[in-house]
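Asker: I would like the entire structure built from these sequences, with the hints used as guidance.
Residue numbers (this note's numbering), protein chains in the order written: chain A, 1 to 293; chain B, 294 to 705.
It is possible that part of the hints are untrue.
[To be verified] Restraint-style ranges between C-beta atoms, simulated for each label pair:
id, chain 1, residue 1, chain 2, residue 2, range
1, A, PHE51, B, LYS704, 16 to 24 Å
2, A, LEU137, B, LYS704, 46 to 54 Å
3, A, LEU93, B, LYS704, 53 to 61 Å
4, A, VAL118, B, GLN696, 32 to 40 Å
5, A, GLY108, B, SER692, 30 to 38 Å
6, A, ALA31, B, ALA598, 40 to 48 Å
7, A, ALA140, B, ASP536, 22 to 30 Å
[Said to hold, decoys possible] Covered stretches of chain B, going by a simulated chain A footprint (3 or more residues, C-beta under 8 Å):
id, segment
8, 367 to 381
9, 392 to 399
10, 434 to 442
11, 471 to 484
12, 627 to 636
13, 662 to 675
It should be emphasised that the hints constitute simulated quantities derived from the structure, not laboratory data. Note that this is a predicted model, so its numbers are computed, not measured. Glycine included, every Cβ here is placed at the ideal spot set by N, Cα and C.
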Amino acid sequence: MSRRVHSRATSWLLLAPWVVAFAVFGLYPFAFSLGASFTDYSPIHEGAPHFVGFANYAAALADPAFWSSLGTTAVFVVGSIPFTTALALALALAVQPAFRGRTLFRVGFFLPSVVSVVVLSLVFKGLYAADGTLNALLGALHLPTPSWLLDPHTALPAIMAMDVWSASGYYMVIFLAGLEAIPRELYEAAHLEGAGRWDAFAHITLPLLRPTLLFVLVVNTVRSLQIFAEVFVMTRGGPLHATTTVVYYLYEQAFYRFNLGYASAVAYLLFAVTLLLAWAQMKLVGRPTEGAA
Amino acid sequence: MMRSRRRAGAFALACLAILGGAALSCGRAPSTEVVFWEFWPAEIVQPLLDRFEHEHPGVHVRLEQLTWQSGQEKIAAAVGADHVPDLCEVGSTWMPRLLAGGKLAEWTSSVEDLRPELRGWSLCSIGDHAYGLPWVMGTRALFYNKTLFAKAGLDSTKPPETWDDLYAAAEAIQKLGGGVHGYGVQAGERYILFKKFMPFAWGNGGRILSDDQTAAVFDSPQNLAALEFYLKLRDVGLIEHQDELDRQFKDGRLGLEISGAWLFKSIPRDAPRLRYGVALVPRPDLEHGTHASFAGGEVLVGFKAAKQQAAALQLARFLVRADNALALSIAAKGVQPAAVAADTAAYYREHPAEQVMIQQFETAVPTPNHPAWGDMEAAIEDEIEQALLGKKTPRQALSDANQKLAQLVAKP
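Answerer: Structural data, given as C-alpha cells:
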C-alpha cells in the first residue's frame, strides 16, 4: 500500500465518526422530513402515509395561523438583530483595549450565552411577573407597571429584550476576534493623518469588520428564525398567539396535533425563508472574504 | 514448546468457561422483559416494579423515565416508527388523539373485572371499549389562604360554597391592599385556561359538545353566565400565569385560586408556615349547579406493535391496584389513585386537604374523547382569552368559539 493510499485511508478513518454521525443525525432526518412534507404522515395513525404532493405546502400558505407565526417571527428577527448586533459591537469595542479588569468584563458579558435558555427564560419569567422585580423597580419610579407577558403588545418585545441581552455576549466574542485581526498600523497611520476616533471607526474598523459583521448577521438571523425555547418556557405562544413563532407553530402541529407531514412542510418553508434572507444579507453586506470569521 | 502448551491450556479453559456459561444460562428460567415508559421519578416507581418482579418470577421490567418536557415527542416518534414500549404512561389530554390513531391495543375483555374498582374509564375508552387502564387521577379544587381570610374578617373555617361567596371573599381580600390579591385568574398560557374556566361552565350545566359529539353547544346561556362570572373575578384579583399564581399563593399574597394537588408537595417545601385550606370548586348557588371541575389523569396503555403485550397487561393490572397506586400517589403527591378502594385509606383520613381532591372527582368532568379535541381545546382557550383580555364580549367570544367547534365537529 503506497503512503498516499495509507494516508487517505487514515483520513477517512479519522473522519468516519463525524461522517457517520452527520449522516445519521443530519442527513437522514433532513431527507426523511423532506419526504414527509409531501405526505399526510401522522405517527399515531395506522397505515402507511399517503403521498399528497404539494398539498401540505399549499395548506400552510393558505393558513392564516402560519402567516401570523411568520409575521411574529419576522418582528422578532427585525426587532432584535439590529439591537443584538449593535450591543455586541459596542461591548466588543468597550472591552477590546487593555484595562484593569478587562477579562472580568469579557467573562461577565459572555456568561449569559453559556447559561441554559430554559434557566434564563425562567429567571426572566419571574422578572417580568406582574409583581416581579421589573415592575417593582418601575413602580418605585412611579412608572406604569404592565403585565409584560400577559399583554399581547408587550409579550414579544419582552422576549426580544431577553434575547438581545443573552445573545450579545456571544457575538461580542466574534466581534472581538474580528477587531483583533485589524492591523494596529492602520490606526497609527490614521492617527498621524489627524483622523479622530469616529473617523477611524467609520473608515477602518467598520469596513475591515465587514466579513465578521456578515457572519454575525447570517448566524444570528438563522438562530432568530428558529426561536423556540424562550417561547415554550415563557408564554407557550400566548397571549392571543402574540408570541407564536414559526418553530413553535410547527412544534404544536408536529407534537400536539401529530400532523408531522404538515409540520415538515412548514419547516421547509421556513428553511426557504432562511436561505432567502441569508442570500439577501450576503448581497447587501458583501461577500465573505477568505479567512473571515 | 512449553509456551504453546500453555497457550493450548488457556484456550481449553476459555472454551470450558464459555460452554459452562452457556449451559448455565440454558438452565435458567426464560426471562420476559417488559419495557415500561413512565414519567415519575425512578425512586418512586422502581420499588413497585421490584415488587411486581418478586410476585411474577420470570418477568423483568426495564424502566425508562420520560420527562414532561419531551416525553410526548418521544412517544410520538416511537409510535411512528412502531418501535414502541410494551407499556406506556400517557396523560389523559393526549388520549383523544391516540385513541383516534388506532395504534393502541384494546384491553376491553381483559380488564372487564376492574370496571367497578377504578374510576376514570372515560379517559381511555371509546364507548365500552377500553384501550388502557386509568392509573392515577388529577383534578383541580379551590385553594384558599386562611390567614388572609381571617385578616379580611371572613370565617376561615367556611370556604366559599357558591359563586357569590367566592366573589365576596375575593373582594374582601382584595380590599386588604398592600400587594395582596383576592382571586387568581389564569391567562396567557395554552392548555391551562380551559381547566380554569370550564369548572364554572360545567358547574352551571354548560357543555362543549352534544352527547353524541355531533354538534357544538358551547354558546349556551349556561356557559355565558359562567364566562360573565369568570370575567367578574378579574375585578377582585390578579391575572397571571399559573406558576406565578401558585407562587403568589405560597407567598401569602393571593387569597383564592383554583389549582392542583401539586401544591401539596410544593407548599410544605416552599411555604411550610402557610395556613391554607382546600375546598370544592364553588357552584352557581345553593339551589342549582354542581361543584364541577376538570377530570384528568394518567393512563397506562399498550400498543398493537408491542412485543410483550400479555406481560404488559399484567404489569398494568398490578400498577393500578389500590395499594400500588396509593403508594405512588403518596410519594409523588399531585395525583390520587384511580382505584376507588384507596379513597378510604388511612392516609387520606389523616390528610383531609388531599381527601377534598377525591371528593372533587365525584363532580369532575372529563374532556370529550373527540379526535379533534386538541384543536377544540385551542379554539375554546383562544376565545376565552379574547374575552379575558377585553378584546371580545363574552357573548361574541362564545359564539366565535362555538363556530370553530362546529367546523371541527363537521370535519371528516
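Asker: If a hint holds in the structure, say so; if it doesn't, say that too.
Answerer: Now the hints, each set against the structure:
A hinted range of 16 to 24 Å for the beta carbons of PHE51/A and LYS704/B is consistent with their spacing of about 22 Å. Remark: the range hint 46 to 54 Å for LEU137/A to LYS704/B is upheld by a beta-carbon distance near 49 Å. Restraint check, LEU93/A to LYS704/B: a C-beta distance of roughly 57 Å satisfies the suggested window 53 to 61 Å. Against the hinted window of 32 to 40 Å, the Cβ-Cβ separation of VAL118/A and GLN696/B comes to about 37 Å, which satisfies the hint.
At about 54 Å, the CB distance of GLY108/A to SER692/B disagrees with the hint of 30 to 38 Å. Between ALA31/A and ALA598/B the Cβ separation comes to about 24 Å, which falls outside the hinted range of 40 to 48 Å. Hint check: ALA140/A to ASP536/B, Cβ distance near 25 Å, so the stated range 22 to 30 Å holds. Counting residues of the segment 367 to 381 of chain B whose beta carbon lies closer than 8 Å to any beta carbon of chain A gives 5, which meets the minimum of three for the stated coverage.
Requiring three or more residues with a Cβ within less than 8 Å of a Cβ of chain A, the coverage given for the segment 392 to 399 of chain B holds, as 4 such residues are present. Counting residues of the segment 434 to 442 of chain B whose CB lies closer than 8 Å to any CB of chain A gives 0, which falls below the minimum of 3, so the coverage claim is violated. A count of 6 residues in the segment 471 to 484 of chain B with a Cβ less than 8 Å from any Cβ of chain A is obtained; the coverage claim is therefore met, three being the minimum. For the segment 627 to 636 of chain B, the proposed coverage by chain A is not satisfied: 0 residues have a C-beta within less than 8 Å of a C-beta in that chain, short of the threshold of three.
Counting residues of the segment 662 to 675 of chain B whose C-beta sits closer than 8 Å to any C-beta of chain A gives 3, which meets the bar of three, so the coverage hint holds.
Hint check: violations occur at hints 5, 6, 10 and 12; the rest are consistent with the structure.
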